[in-house]
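S.K.: Chains as they are written, first to last, in numbering that gives the first Met the number 0: chain P, 0 to 466; chain B, 0 to 200.
The set of hints was computed from the structure by calculation and includes no laboratory data. Bear in mind the structure is a predicted one, so any value in this text is a computation, not a measurement. Each residue gets a CB set at the ideal place from its N, CA and C atoms; glycine is no exception. A couple of the hints might just be wrong.
[What the hints assert, rightly or not] Computed cross-link-like contacts, EDC-like style, restricted to lysine to aspartate or glutamate with a CA-CA straight-line distance of at most 20 Å:
1. Lys191/B with Asp11/P
2. Lys194/B with Asp252/P
3. Lys33/B with Asp75/P
4. Lys164/B with Asp75/P
5. Lys191/B with Asp252/P
6. Lys164/B with Asp252/P
7. Lys310/P with Glu123/B
8. Lys160/P with Glu122/B
9. Lys314/P with Glu122/B
10. Lys182/B with Asp15/P
11. Lys463/P with Glu282/P
12. Lys162/B with Asp15/P
13. Lys265/P with Glu282/P
[Said to hold, decoys possible] Below, a sample of chain P positions facing chain B; criterion: calculated Cβ distance under 10 Å:
14. Ser74
15. Gln76
16. Gly197
17. Asn277
18. Leu278
[Stated by the list, open to error] Counterexamples of contact, computed for chain P against chain B with all Cβ distances above 12 Å:
19. Gln38
20. Arg51
21. Val212
22. Lys265
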Amino acid sequence: MSTTLYDKIWNDHLVDQQDDGTSLLFVDRHLIHEVTSPQAFEGLRNSNRKVRHPKLTLAVADHNVPTTDRTKGISDQESKIQVDTLEANCKEFGVQLFGMDDKRQGIVHIIGPEQGFTQPGTVIVCGDSHTATHGAFGSLAFGIGTSEVEHVLATQTLVQKKAKNFRINVNGELPLGVTSKDVILQIIGRIGTAGGTGCVIEYAGDLIRSLSVEQRMTICNMTIEGGARAGLISPDQKIFDYLNGKPMSPKGDNWEKALNYWNSLKTDADANFDKEINLNAGEILPMITWGTSPQDVITIDEKVPNPQSEKDEDKKNSIERSLKYMGLKPDMAATDIKIDKVFIGSCTNGRIEDLREAAKILKNKKISSHVNAIVVPGSGLVKEQAEQEGLDKIFVNSGFEWREPGCSMCLAMNADKLKPEERCASTSNRNFEGRQGRGGRTHLVSPGMAAAAAISGNLDDVRKYQN
Amino acid sequence: MQKFNKLKSIPAYLPIVNIDTDMIIPKQFLKTIKRTGLGKNLFFEMRYDDLGKEIKEFCLNQSPYNDSKILIAGKNFGCGSSREHAPWALLDFGITCVISSSYADIFYSNCFKNGILPLILEEEKIKELSEYANRKEEISIDLNDEKIFYGNNEFKFDIDPFKKKCLLEGLDDIALSLKKADKIENFENGLKNTKPWIFND
Ligand code: SF4
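This is chain P alone, in the form it adopts within the complex (with noise of 0.2 Å):
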């Protein structure tokens, strides 16, 4: 029978199949972060249970990290019992851990790939839902509870139910100055934000698989805000290239066998999709969100939704409550909306391209004076590299800070966030009242899209600013 690259990940990690299609399902991979774990651990010790495979275990603390100067230690006392609880847990279990100091601490998903610890046909699970961002490497990765942190780390495995297959077919070319980021937050606009769910969305078309794995990246991790349990991509010889000789790859034999594995992962030409829908390339703008949900999303070029013209009750609610909490008027310009700050990283767009990406904008240019804007590299080795290039010359010359790798304003966990009505261009994932600090109004943009905004002060078009 024909089948998916979901179902061959799937059947491949199969350890028990009930009746009714509850299975367990092997975990190859197991990342941890301070905030979901604790109960995890509390679990295990309450139970008098070990970690079945601590070596299959890779912890980091990020979501709790100060970004400013770390040599004092953290100052607020729940963060800092949280980030000690996991590195006293770390050492009781026998969990690898990349410490505050280490300079491989990052978003979690953003060193899992740069260690070569996310590998194509694995089964990679982490309490936290952007793990999605690991399917670029055509890897099964979704984000789990508590519970189920606790569960892997007992047993190694998962209670899980096949979802059902899903295929969106990007094809075409982007016009300039659109990238990988505007892809998704026109898919996530199309599909709404339960567009996905039940579901493991496979990306595909010539316009993915012409992306770069950082791009790629991108793309996967915002697959959680479609709904959908997990986005993956075929991996390819760029994927190969990228992970060959990272510090977790294969090595030697392991990493022909494993090569010659991989270029099995792939979709059969007549296999069945649940659900597929098409896009082209050339026909994706730059993109903004207006409201407080993900699918909130317009082109550059278009005007705030008026709910007027909405018939639909539920959603003429919900259009009139995102704009109040917005603060934005019907049928405004988006390039009318003036910003206070900007944020430039997270798990979505904190790797070195993105970086890359918005310096090229910023390069010789001042941001605007009312605007107060940040750099948070994905990681400390996307830091260090960033440096070696000049680019961090490039922000701090263009007014921008320079940070230490964290999560940061992507959900204002750590001492960074927004005031009551200070309205951000940032390159994270979600724009839910709240998120970026109370009261705080989020739009969601590509890197290049956040450069745009900080340097006119409101948000703008990237494309004005291509050189």
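Based on the hints, put chain B with the ligand in the right spot on chain P.
M.R.: Chain B with the ligand in isolation, oriented as in the chain P frame:
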């Protein structure tokens, strides 16, 4: 885990769609290392004003809804992050059953791990049940019979049989899976031959 069997309560109704996990429990409360104590911060931003005072208009601040065990809400409930703090907060507040027409996947499975029953009903039924919330009348749920009773009416709902069993018996997932330890071991041994790079020994 607390067993779930029968439940009777005046439901609370939140007619908002896409209630995300940041709304259920904002991130400042994720810094805990415990599962308990989150109930007072459930729906924090909607429930308290800037000075930390309860907002009277918000339904969970009003009697009898502050004692509701059943929450009825708009579609796509629990979207957003994977934080299990969301069901922990609901549970700590006293809510053990959520009724919506759809849920985000991770939230949905997190509920079952904590003895919460997330029921999926059609929009029409939800409208009907929300009237009971408005009139402050009780409805009851019988998981074993898969039935909801309201006024003189009753109807059957659907639920995955295995998930139902786990809720009814309060089964611990890990213990269940560890019963299959030999299968896991077999699988691992196979893996060492077919994909030696996974264990990287
Ligand atoms: S960067 Fe944001 S989305 Fe990514 S893991 Fe951190 S908090 Fe989650």
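S.K.: Does each hint hold? Answer for all of them.
M.R.: Results for each hint:
1. Lys191/B with Asp11/P: Given that 20 Å is the threshold and the Cα spacing comes to 13 Å, the pair holds.
2. Lys194/B with Asp252/P: With Cα atoms ~11 Å apart, Lys194/B and Asp252/P stay inside 20 Å; holds.
3. Lys33/B with Asp75/P: Holds, at about 18 Å.
4. Lys164/B with Asp75/P: Violated - the C-alpha atoms of Asp75/P and Lys164/B are around 43 Å apart, more than 20 Å.
5. Lys191/B with Asp252/P: 14 Å, holds
6. Lys164/B with Asp252/P: The given pair, whose Cα atoms are some 47 Å apart, is violated under the 20 Å limit.
7. Lys310/P with Glu123/B: 19 Å, holds
8. Lys160/P with Glu122/B: Measuring from Cα to Cα gives roughly 25 Å; hence the hint is violated.
9. Lys314/P with Glu122/B: 15 Å, holds
10. Lys182/B with Asp15/P: 7 Å, holds
11. Lys463/P with Glu282/P: 18 Å, holds
12. Lys162/B with Asp15/P: Holds. Lys162/B to Asp15/P sits at ~17 Å (cutoff 20 Å).
13. Lys265/P with Glu282/P: 27 Å, violated
14. Ser74: 13 Å, violated
15. Gln76: Status holds, d = 9 Å.
16. Gly197: 7 Å, holds
17. Asn277: Because about 24 Å separates Asn277/P from the closest Cβ in chain B, which is outside the 10 Å limit, the hint is violated.
18. Leu278: Violated - the Cβ of Leu278/P stays beyond 10 Å from chain B, reaching only about 23 Å at its closest.
19. Gln38: 5 Å, violated
20. Arg51: 8 Å, violated
21. Val212: 19 Å, holds
22. Lys265: 17 Å, holds
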